[in-house]
Amino acid sequence: MALLDVSNLDVRFALRQGEVKALRDVSFTLDRGERLGIVGESGAGKSVAAFTLLNLIAKPGYIAGGSIRFDGQELTTMKPRQLQQIRGNKISMIFQDPMMTLNPVLTIGEQMVECLKAHRRIRTRAAREIALNKLRQVPIPSPEKRLDQYPHELSGGMRQRIIIAIALLLDPDIIVADEPTTALDVTIQAEIMSLLLELCEKHNVALVLITHDLGVVSQVTQRTLVMYAGRVIEQGPTREIINDAQHPYTQGLINALPQMATPGSRLNQIPGAMPTLSRIPSGCAFHPRCSFAFNDDGSPRRDCREVIPGFVRSGNCDVACHMVRDLVENNSDARDPVEFQEAP
Amino acid sequence: MIAFLIKRLFHALLVMFVISVVSFAIQDNLGDPIQQMVGQSVPESERAELREELGLNDPFLVQYLRFAENALHFDFGYSYFYNEPTTDVIMRHLPATLELVFATTLLIILLSVPIGVYSAIRPRSWLSRLFMGVSIVGISIPVFLTAIVLIQIFAIGIHVSLFPADTAWGAWLNGLLSTSGGMPAYGRGDVTHVFGTWDTNFASLNGLTYLVLPAISLASIMLPLFIRLIRAEMMEVLQSEYIKFAKAKGISMRRIYFLHALKNTMLPVITVGGVQIGTLVAYTILTETVFQWPGVGLMFLDAIQRSDIPLIVTYLMVVGLIFVITNTVVDLIYGLVNPTVKLTGKPA
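Going line by line, the protein sequences match chains G and W.
The opening position of the first sequence corresponds to residue 1 in our numbering, with each subsequent residue numbered one higher.
The opening position of the second sequence corresponds to residue 1001 in our numbering, with each subsequent residue numbered one higher.
Each hint should be verified, as a subset may be incorrect.
Unchecked claim - Which stretches of chain G does chain W cover? Using the computed rule of at least three CB atoms under 8 Å from a CB of chain W, they are: (1) 81-94; (2) 112-123; (3) 181-187.
Stated by the list, open to error - DMTMM-like, lysine to aspartate or glutamate: derived pairs with alpha carbons at most 20 Å apart: (4) Lys1263(W) to Glu153(G); (5) Lys59(G) to Glu1236(W); (6) Lys1263(W) to Asp1302(W); (7) Lys21(G) to Glu41(G); (8) Lys117(G) to Glu153(G); (9) Lys1263(W) to Asp171(G); (10) Lys90(G) to Glu74(G); (11) Lys1263(W) to Glu1241(W); (12) Lys117(G) to Glu74(G); (13) Lys1263(W) to Glu110(G); (14) Lys79(G) to Asp5(G); (15) Lys1007(W) to Asp1331(W); (16) Lys117(G) to Glu129(G); (17) Lys1244(W) to Glu201(G); (18) Lys90(G) to Asp5(G); (19) Lys21(G) to Asp10(G); (20) Lys90(G) to Glu201(G); (21) Lys145(G) to Glu201(G); (22) Lys1244(W) to Glu129(G); (23) Lys202(G) to Glu34(G); (24) Lys59(G) to Asp1331(W).
Derived from the structure by calculation, the hints contain no laboratory data.
Values in this document were obtained by computation on a predicted structure and should not be read as measured data.
Glycine residues also receive a C-beta, built at the ideal position from the N, C-alpha and C atoms.
One chain only, chain G, in its complex shape:
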């Protein structure tokens, strides 16, 4: 049984202008110690997905359907008090902007000790000892001193290390990291990312990494989920997706990487922009931007415009695309499942 089993998750926001569907029919699983990347442009629903895992979406957002099973327990219907015992304890989170994540009027020590005390019967002295130990793991120089400092006395990179230490405090099963390096200086991004990877491997912690950086995804994760307009459109082993993406949108994302462009020429891009969630196109949400949504004679494909594509298996990936489905159906050996080696 998977550690985390998300199936058919629907998240909506009840706004004054009507309901907005932020997540639709999102399903994935996560095994113990596995690292999953969730990628997509801004507005694809990545962060909503991250917060929904801990049932933390703020009103007017709510879970309209589907289930999140963690270790056999259903999180969507769990009582707040029980949920509190899982948050920060079994599943912890790392937020995007370390400058905003720590409470400015409480010391680092207070913010670490309270987390331990919320989940364990423990004395302050013992809790400080654990906190010190975790600070040493993310390595932070002179951790004793840091415990009595306030967040504003530390740099952004240092704060993100502390947040990672807080996420690890109670030896969780899963860490959900919502773009943990986007707000950081480029020089520190790689440092923080490899630290996170190293700690997850060392403690056998599963990681859900939300990012729009395909480079990071390919280095850190074993499996990848590509999202577009609130839906999963492709998922499978990271290597397969990076090396041989099937969905036109994923292909577009990969082609847009700077290293894919011919030196001296303009960078590749996907034409158009992500639709706002209140006005998602019918059929395949990507069809207005898709260069494959046409028949051989150049006329637009009806099914792309009208029918929401289901998943088809292509190699080891699940892809939601009419064009890919045609390829798979017409030529069943178009692409064999290839055994890829584990990422180093």
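Place chain W on chain G using the hints.
Quick look at chain W alone, frame taken from chain G:
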């Protein structure tokens, strides 16, 4: 810390200088003090003599320098009406005002924090809506009207005969809405001598009952302001990332509300509060007049009617000083609550 206090002292002196110039400058427009002092029967020649004697004919600058020199020795002159040093008159009236302001501040703090926090946490509950509605009414009605209404209801009492008295429910409703009054609404009641000119209301039950209505009416403007301020700040803080992170850590909601959120909420509230306490001293003029509370507010209004210029100027200086002192104290407290503020120089 010491550097901060010295800097603050310098600021205070500058503020006091400006206040002294302004308050001294308005004296020419406050009427003729000689008229008030001597009455109708004194001939014009004697009046001119008295005017010359008091130095009222000297140029403004000369008068001001004379005033300033004396002021530096804490000599603000003699009250024309009381015929004794103005500082003595003020000191006699000041305790009553300070006690009223203190009681009001206490009332505001004890009520605004819980109500503000509650209506921020549950903005849609009917109780929050009720608080918000009442607070709008409180802000809109002027203090003196609130005071008079309070006196009518709680001091004099009202007899309601709106419902038919010959039916059981009508009589019951009439009785329910009628009040018997009886709360004191005039003066300070029993006071206990503490030291010097300080008599306190806080030492006896009788003294405390005399404080109730004036304190409520003085609080009626500031309390809604603070409830709304705390509510708005708290609602904003509750949206912040660090509150979300605290939730993600599995911290109990009680701790999130009353430690994580409240501490951040109070930062701007403290700043505003400092200024408002000074303003409260000024508002006492209205409240003290309606309740005949023998404080500096009532004294000031009388002094204006009597063109008692030295007393007016001294009052303005003292109120200015209270402003400066409360603001300094508030800045000190702010520095203690907000770790990103260091009082001594180097920005963090």
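Those earlier numbered hints the structure runs against, lowest number first: 3, 6, 8, 9, 12, 17, 21, 22 and 24
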